[in-house]
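*Asks:* Using the sequences provided together with the hints, build the complete structure.
Chain by chain, the residues:
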Amino acid sequence: MRSDAALEAMSDLELARAAPDDLDAFAELIRRHQDFVYGAVLRVVKNPTQAEDIAQEAFLRAYRGLEGFRGDAQVRSWLYRIATNLAMNAVTRKREFPTETLPEQVSANVPARALEHSELRAHLRAAIAELPDDLRVPLVLREYDELSYQEIADTTGLPLNTVRTRILRARRALADKMEAWR
Amino acid sequence: MSRLCAIRDEQLLAFAEGESFDLDEHVATCDECQEFLAALWDGGLDHDLSEPVVKAIRFELFMLDVARLLGDVIGDMGRAAKVYLGGADE
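Those protein sequence lines, which keep their order, are chains A and B.
Residue numbers for the first sequence follow the working numbering, beginning at 1 and rising by one.
Residue numbers for the second sequence follow the working numbering, beginning at 1 and rising by one.
Rather than coming from a laboratory, the hints here were simulated on the basis of the structure.
Which chain A residues face chain B? A few, computed with CB under 10 Å, are given here:
(1) Leu23
(2) Ala27
(3) Ile30
(4) His33
(5) Pro48
(6) Gln56
(7) Phe59
(8) Arg64
(9) Gln74
Every residue gets a Cβ at the ideal spot worked out from N, C-alpha and C, and that includes glycine.
*Replies:* Right, here's the structure in full:
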């Protein structure tokens, strides 16, 4: 186990090379660049809480991608690209589908006297569980894991247009199931 | 202050504020500009992200180990079934 002083003396590249087997090395890399990554994300999403979540996700993705990092770019540049891609994806999703957050979309049509929030959420969860797999899986990946359409296509092996169509069908099916709440 | 890359401080300040998206590609590869922005954004985070990130990584690694172990067990069960059941499934 390396001392703090030993870690601080290591270059970014040395830390990145050590990190797959040494989480202390990766933690040092995070501490060095977290303000920079956070700032890069915040300037795009303009929401501190969301920026923090995305910054954490950026470091997670960086860890997963360490084996493939050849060191031909600076570590900070590499982190910057990962972070800004995630931030741009988050903003693009919000811009394309501004009303796509399910609980709010459904609850907007519910009479105030009938709106028992926990009961509504339980019904929504049950309705999602009843969806056939081919509709439920892309919907959950989109709404809860916040993957982009392309990432869902890559994960499921489905064509991009099929992913879009299935998510649309899933939302319509949910709207029908939640009809009683309107 | 100007840099070797000729981007001015005002441009980077605007960039840091969320403007000048046309500088994105340049900033991604320019060490000088990144240094400026790093200094500007220094201390912006309220707390240390390393702990929650490392925790998440440890959990992922644990889940991978569990999946690998389950895969080994299922593989062993499959091989055992072939031995003990012989050609029953053919």
